[in-house]
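> Chain residues, written in single-letter form:
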Amino acid sequence: MIVNELILPVILVTIVLVVGAYLVAVIDGMIAAALGTPQRGGAWLAPLTQGAWLLTQQANATEAPDWRAWRLAPALYLALAATGLAVVPFSPTLIPTDLVTSVVLWGSVEALATVVIFLHGWSANTLLALIGAYRYVALGLSYILISMFVLIGVALPAESLQFSQVVASQEGLWNVIRQPLGLPLFLIVGLGMTFWGPFNLADSRDLAGGTASTVSGPSRLVWELARAAMLVAFSGVAASAFLGGWLGPWLPGPLWVMLKMLGVLAVLLLLGRLLPRVQPERCVTLMWVVLLPLSFVDLIWAGVEALL
Amino acid sequence: MELLTLFFILLIAAGLGLLIQWLPLRRQPMPTYPQRAPFLGGGLPETHAWSRFHVRYYPMTLLLIAFEMEMMFMYPWAVVFVEQGMKAVMEMGMFLAILSVGIVYGWREGVFKWQ
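Sequences listed follow chains X and C, in order. Start counting the first sequence at 982; every next residue gets the next number (my numbering). Start counting the second sequence at 1241; every next residue gets the next number (my numbering).
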């Protein structure tokens, strides 16, 4: 019992998270190379060499950082990613933690991510990091509502807040077709949560790296790892909420989940490379005035469809 | 048991994150103070990082709280939605409509702008 309910989930989540984060770096490198950005080394080896370099690098510090918070923020972000991935069902029986309220748990992961990212920028005690943190809070408080409405939309036909039930409810037709607005809106949330590509307001280039501008060495390695891991956890949730999770012909369930996660990751990373960064001052208006009403429409659509 | 597993996963991931930082850093000497000056592209730090900022999106955060409260009712609502049918649609529709007026009002007042 201990093996099945405690050790197996931990091993599964750890492996998926580490391998997934590595694949995020590999796929991103391949996309960058295909789009013409010069890359050092091969796509498969570059993340490893960069990781080793960060691990052995002499870490800089600021004058009076909040040491505990500064070291804790990347670790907590990684922990949030692991917690988020833990509720993703890989098959009807292979679920790390099959919480009855797993949709609520994922919502809390999104909310706490905002806290952790702000903590990362705030604790460095430098100006650019703090500006990045403040910008991120504006983004984080805007996307969270969109995410919640879209996820409530998938919970309606399932009549449950459990991701395994949500997947089971897509037996006939996947939510990506049944609720066409859901997945595009949720992908935007994913880019926001990991401040990736167009929504990179926290660690953006115009702030010389934002919350990570003074972070170097192993701490930066954990921060980058946690970001990639969060993207993996997000793709797991997106695959189970919209792409039918383990459902699919011929192949076994867990393999389908992995393939769908890879698909979501590839789309997110491609969007991250193709789209320009959104202006921070326009981002809030875009979220509240355009995307939030769209998520209302998605919810009404889902509700009507569930009742028919 | 599920919550215990979840807590275990949380602890292990956080511990791993701290360990990756602690192991290589414990032997490194602290950088000198000139090196630890805040990174401002070579400029001198003339303001304290914790000086007072005007958080321009402050009214937006208040609007968010209204919606977050609504979210709290929405979780149980989602579970009984199909069972309750049209009644549930009407109730949440009214709730959302009232909150949407708040968005429109906030938009008119320029809550979603920073400049």
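Treat the hints loosely; a few may be bogus.
[Said to hold, decoys possible] To give an idea of the interface, some chain C residues facing chain X are shown, with a C-beta separation under 7 Å as derived from the structure:
1) Met1241
2) Glu1242
3) Leu1246
4) Phe1247
5) Leu1258
6) Ile1260
7) Gln1324
8) Val1344
9) Tyr1345
10) Trp1347
11) Gly1350
12) Trp1354
Note that these hints are calculated values from the structure, not bench results. Even for Gly, the Cβ is constructed at its ideal location relative to N, Cα and C.
> A separate judgement is required for each hint: does it hold in the structure or not?
Against the structure, the hints:
no.	hint	in the structure
1	Met1241	holds, 5 Å
2	Glu1242	holds, 4 Å
3	Leu1246	holds, 5 Å
4	Phe1247	violated, 9 Å
5	Leu1258	holds, 5 Å
6	Ile1260	holds, 5 Å
7	Gln1324	violated, 10 Å
8	Val1344	violated, 9 Å
9	Tyr1345	violated, 12 Å
10	Trp1347	holds, 6 Å
11	Gly1350	violated, 10 Å
12	Trp1354	holds, 4 Å
In summary, the numbered hints that this structure violates are 4, 7, 8, 9 and 11.
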